[in-house]
Amino acid sequence: MNAFTRWWKFNLVGAMGMVVQLIALALLNRWTGGHYLCATAAAIELALLHNFVWHLHYTWRDRRDNSAILSQFLRFHLSNGLVSLLGSLALMPIVVRGAHIPLLVANSIAILCCSLINFCLGTGPSRILRSICTKGYANKIRM
Numbered sequence: 049m050n051a052f053t054r055w056w057k058f059n060l061v062g063a064m065g066m067v068v069q070l071i072a073l074a075l076l077n078r079w080t081g082g083h084y085l086c087a088t089a090a091a092i093e094l095a096l097l098h099n100f101v102w103h104l105h106y107t108w109r110d111r112r113d114n115s116a117i118l119s120q121f122l123r124f125h126l127s128n129g130l131v132s133l134l135g136s137l138a139l140m141p142i143v144v145r146g147a148h149i150p151l152l153v154a155n156s157i158a159i160l161c162c163s164l165i166n167f168c169l170g171t172g173p174s175r176i177l178r179s180i181c182t183k184g185y186a187n188k189i190r191m
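Under our numbering, the first residue of the sequence shown is numbered 49, with each subsequent residue one higher.
Fair warning: there could be bad hints in the mix.
What the hints assert, rightly or not - Calculated cross-link-like contacts (lysine to any residue; reagent style SDA-like; alpha-carbon spacing at most 25 Å):
1. K57 - S163
2. K57 - V68
3. K57 - S115
4. K57 - R109
FYI, nobody ran anything at the bench for these hints, they're computed from the structure.
Please read all numbers here as calculations on a predicted model, not as lab measurements.
All chains should be modelled from the sequences, with the hints used to inform the complete structure.
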């Protein structure tokens with residue numbers, strides 16, 4: 049699959065995940081009494097679960113390997129998940145408290161800032177992470 053097609057698919061899944069995240073954030077922020085960072089973390093996790101399933105079956109389906117779904121899920125969380133969670137939790141206070149931007153607009157900004165990094169992780173280093181996690185690669189390093 050060429051890079052443009054993959055970028056389009058990645059962004060389509062990301063847009064759907066962004067809708068999931070923003071709706072979840074709006075609801076969770078109400079239910080948690082305005083603790084927007086806790087609501088943000090939970091909304092990100094819901095979006096990550098959504099995006100993992102879609103990326104697995106749509107964006108990266110031509111790159112499936114024989115590893116277990118749990119292993120793929122853990123790699124996704126260690127790459128895209130950490131970028132999204134840490135990036136958003138770092139940016140949200142700056143944008144919400146510092147710039148006084150409304151919560152959902154601030155979260156949209158954080159999502160967009162993290163998306164380019166996540167695409168790059170999906171196309172390169174996460175494949176390296178998979179190799180590091182396998183026993184065969186560890187044996188090659190020791191040689």
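Checked hints:
1. K57 - S163: Holds, because 13 Å separates the two Cα atoms, which is no more than 25 Å.
2. K57 - V68: Holds - the C-alpha atoms of V68 and K57 are around 17 Å apart, at most 25 Å.
3. K57 - S115: holds (23 Å)
4. K57 - R109: holds (11 Å)
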